[in-house]
Amino acid sequence: MIICIILLPIIVGILVPLLPFRQRSHKEIFLEGAVVLNSILVWYLLLHHSDSTFLLAHFTGDLNISFRVDGMSMVFAGLVSGLWPFATLYAFEYMTKEEHENTFFLFYTMTYGVTLGIAFASNLLTMYFFYELLTLVTVPLVMHTLTREAVLASRKYLYYSLGGAAFAFIGLIMVIVYGNTTDFILGGVLDLAKIGDKTNILLLIYVMAFMGFGVKAAVCPFNSWLPQAGVAPTPVTALLHAVAVVKSGAFAIIRLTYFSFGTAFLRGTWAQTAVMVVVMFTIVYGCSRAVKETHLKRRLAYSTISNLSYILFGSVIMTPLGLTGALTHLVFHAVMKISSFFCAGAVMHQTDKHYVHELDGLGYKMPCVFGIFTVSALALMGVPGLAGFISKWNLAGAAVDSQNPLAYAGIACLLVSALLTAIYMLSIVVRAFFPGRDFDNSWIQTAHDPNWKMLLPLFVFTVFIILFGVHSQPIVNFFYEVANGVY
Amino acid sequence: MYLILLPIFFPILAGFCLLVCPKKPDRKLLIITTGICLVVTAMLILCTLLSGKQELTLFYLTRTLPIYFKIDEVGILFCLLTVVVFVGAGFFSFVYMTHEQKEKRYYGFYLMVFGVLNALCFAGNLITFYLFFELLTLSSMPLVLHTGSREAIMAGLKYLFYSLCGAYAGLFGIYFLYHNCDTLTFTAGGVLRTTAIAAQGEFLLLTAFVMILGFGVKAGMFPMHAWLPTAHPVAPAPASAVLSAVIVKAGVLALIRVIYYIFGVSFLRGSWVQTAWLILALVTVFMGSMLAYREPVLKKRLAYSTVSQISYILFGLAAMNEEAFTGGLLHVLAHGLIKCTLFLAAGAIIYTTGKTRVDELRGIGKEMPLTIWCYTIVSLGLIGIPPTGGFISKWYLALGSLSGNIGVFGYIGPVVLLLSALLTAGYLLPLTIQGFFPGADYDYASLQKREPHKCMTIPILIMTILSVLIGLFPNILVDYLADFVGTLF
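Taken in sequence, the protein lines are chains A and B.
In terms of the numbering used here, the first sequence has 389 at position 387, counting the first letter as 1, and numbering is strictly consecutive.
In terms of the numbering used here, the second sequence has 32 at position 31, counting the first letter as 1, and numbering is strictly consecutive.
Just so you know, these hints were derived from the structure itself, not from any lab.
It cannot be assumed that every hint is accurate.
[Unchecked claim] Some but not every residue of chain B turned toward chain A, in silico, with C-beta under 10 Å:
| no. | residue |
| --- | --- |
| 1 | C18 |
| 2 | R64 |
| 3 | V96 |
| 4 | T99 |
[As the list claims (entries may be wrong)] Below, a list of computed lysine-lysine pairs in the DSS-like style, where the Cα atoms sit at most 30 Å apart:
| no. | chain 1 | residue 1 | chain 2 | residue 2 |
| --- | --- | --- | --- | --- |
| 5 | B | K450 | A | K355 |
| 6 | A | K355 | B | K103 |
| 7 | B | K105 | B | K54 |
| 8 | B | K105 | B | K367 |
| 9 | B | K103 | A | K367 |
| 10 | B | K25 | A | K367 |
| 11 | A | K294 | B | K159 |
| 12 | B | K24 | B | K103 |
| 13 | A | K455 | A | K355 |
| 14 | B | K159 | A | K367 |
| 15 | B | K159 | B | K105 |
| 16 | B | K301 | A | K355 |
| 17 | A | K367 | B | K105 |
| 18 | B | K450 | B | K301 |
| 19 | B | K367 | B | K103 |
Positions of the beta carbon are idealized from the N, C-alpha and C atoms, including for glycine.
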């Protein structure tokens, strides 16, 4: 079953350019049907999962490719499979203005399967395999427009990701050498007897592996690929560079920290301090760059950098509460950010405007899009009653609870970042809705809201932003149980 | 039981409907609708207040974070002020706003701010309060930038970011309080765990200071006061009235809630936090008056005056004794009514003459006698001349600071207050003097009576009368306050 849902999107993707569709709508129905079917299968699997491990291939020793459904994979796979059908629907409309549609959908759909592979991997080697695969299938998506800028961006993306994975590989080796197994077990697999006096070396390796996986999670100083990769079509930027790819990085770091090295080994060491400082710096750095950036999508990309580090901040607190906070933000941020990216995409699709200062007065011409954008902006700022408040509340609560003075400073970083978020998001909203007295609106007369294929995903995400904000209890409880190893 | 929700959500929803309604309505219809909404909300508030003490848990954000409303004495006081000011300024704007554009947007946000302020008064715990505190900033920002000039938009953004900065400093404190309190429900005397005070006392003091600074932003306290003189004058006059009279009071209410109902006075009295707060408040009092004295533009001058006067209230709160606290609350009412009247009078002057600088207004008292008379009477009140409202509040403030538990500030305080009162006379009365005694070279021939429309003069008149009544019959209020102030100490 697991292997089935990983392979289905990959096969469907390969079929797209091969099958002779007579009309575009047939292709849309075929793709959307396949993606929805796969999502249903994923959810069915999550709800009826068993604890057994599915072994696909056995190499040598205890090195094998195998899959299992545990709490973490339920969170990540559930998130990805919830978002993908909507993103595909949005992409149909968005791609009408782009070329090479078949290639795009080929790789876009394949990525779904690969991401699920990361989610369901039951050991470090499997995860590493799919992690590399993810880089390879998403490079063509970044390169999509084939402009010089896009080619450069995709080259950078490729080098950064592969380089990061190489560092992560060192971590993998060390876990193989000093651990009992490479399987993911909450609490870690390191064997203290084997480590002996090599604790510091192992901590160093942890930091290297953290930064290695951190490349995908856009940790400073390895974040410059992400804003550049914004040249890709918006469905890619929104789903992959705000959710699937970058959160694979965060997901891998959580796996590494909680399930391989173990928090008992890391908590209170210099390694924790080191990574926490890096993460806190990234939180503020990302936001500051976002304030400075005037290109709409790049601004959101910088915002993603900052928010990813919120997730990492939660995970490097290294307590179950911290992990709960991290998972909450992992899911909630995905919904908020994909919503704001889709709004940006809708604006670009409808008006061909790419810069913040070109958005004056558009709020009156595209009320739905900018209304939704406002909701997602408020949610990202952390206004109570919307999703962002709950996740920040959980993160800050975990930081206070950890009694770690550095984590207290982290809370201050979160709040500084919240203020900067307000600045870079609300200045857009204010421009759109309050353009000022002498504003000449002749050029935007023709602008209007996009059609239902774009609006439906936006509305659904908005509903979820509000729902998570006012009634978060069930889902946060679930995260808490995941963080405590109930599943 | 659900009655308490009506005065909160009725105006918010009404305002929201006005905003999203796509058709441009007839001006008359718009004004009638807004008028009805304002009056209905006022009625709803009265009904709610008359039906006794109510509480309501609406829903839970997380398992331990309820959205909870409760009516208590402080809330009632702020709520009554809000109603009077909002209805008065609302009727004023029906005429004033004819010379501004986009009235629908203005009234929409005006009603929303009304509802949000009611919610702040009725909020029963810190989270509910914080929620509406953020909403207050967001919904009042469009009032600031309403005129749409570049200056107004920049002022709106400045207001927004200063306020959010303050709110986030408050949130920083809330995170820590949540872990050191059994509940965040407002309880007279505070809710800090004694074990937490023993274990983390120093850190909690720091938290309290950060929260004072944070919520002090909204109250225009030094060093984060700079937004106030920028933002208040650029708004349309009735909006400035509302901003200066009640919205800054949200910061005061926040500080009352945090210090008196969460931390508890006994924890903070005598600590360095109290000293620091007293110093900041006194610095603001003096600095605000000084800046107002130097300012030639009338509305800006009034905005600086707000900076100074709000810190009178903060000084009363920071002194942390019963008399000073009573004085602070009395000054909330007195300053609210007076400052609203002053801004409305300034608006009436701008509306009729188009002049904004004080030195252009020679002879204005001959042209608009009623308005300038009201202006003069409330000015005397703000200076603190008996028998107006300002006198009583300052009396109690001075009494409290002299009662001797704040050391050297007991003497410095009254001196600064008196100096500032002198400056207040210096910046408010020139308009009266020039207005009524324009001098021999004034051209009496060109003089014409141009008292503004009734919709403008009546609210001004009513609020002037109310502010005098507070001064004439202070005992009703003082007795009312005495009933519960004791429980806080």
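Outcome of the hint check:
no., hint, result
1, C18, "14 Å, violated"
2, R64, "6 Å, holds"
3, V96, "21 Å, violated"
4, T99, "17 Å, violated"
5, B:K450 to A:K355, "54 Å, violated"
6, A:K355 to B:K103, "26 Å, holds"
7, B:K105 to B:K54, "35 Å, violated"
8, B:K105 to B:K367, "35 Å, violated"
9, B:K103 to A:K367, "16 Å, holds"
10, B:K25 to A:K367, "15 Å, holds"
11, A:K294 to B:K159, "17 Å, holds"
12, B:K24 to B:K103, "12 Å, holds"
13, A:K455 to A:K355, "20 Å, holds"
14, B:K159 to A:K367, "26 Å, holds"
15, B:K159 to B:K105, "24 Å, holds"
16, B:K301 to A:K355, "39 Å, violated"
17, A:K367 to B:K105, "17 Å, holds"
18, B:K450 to B:K301, "26 Å, holds"
19, B:K367 to B:K103, "33 Å, violated"
In the structure shown, a violation is registered for the earlier hints numbered 1, 3, 4, 5, 7, 8, 16 and 19, in ascending order.
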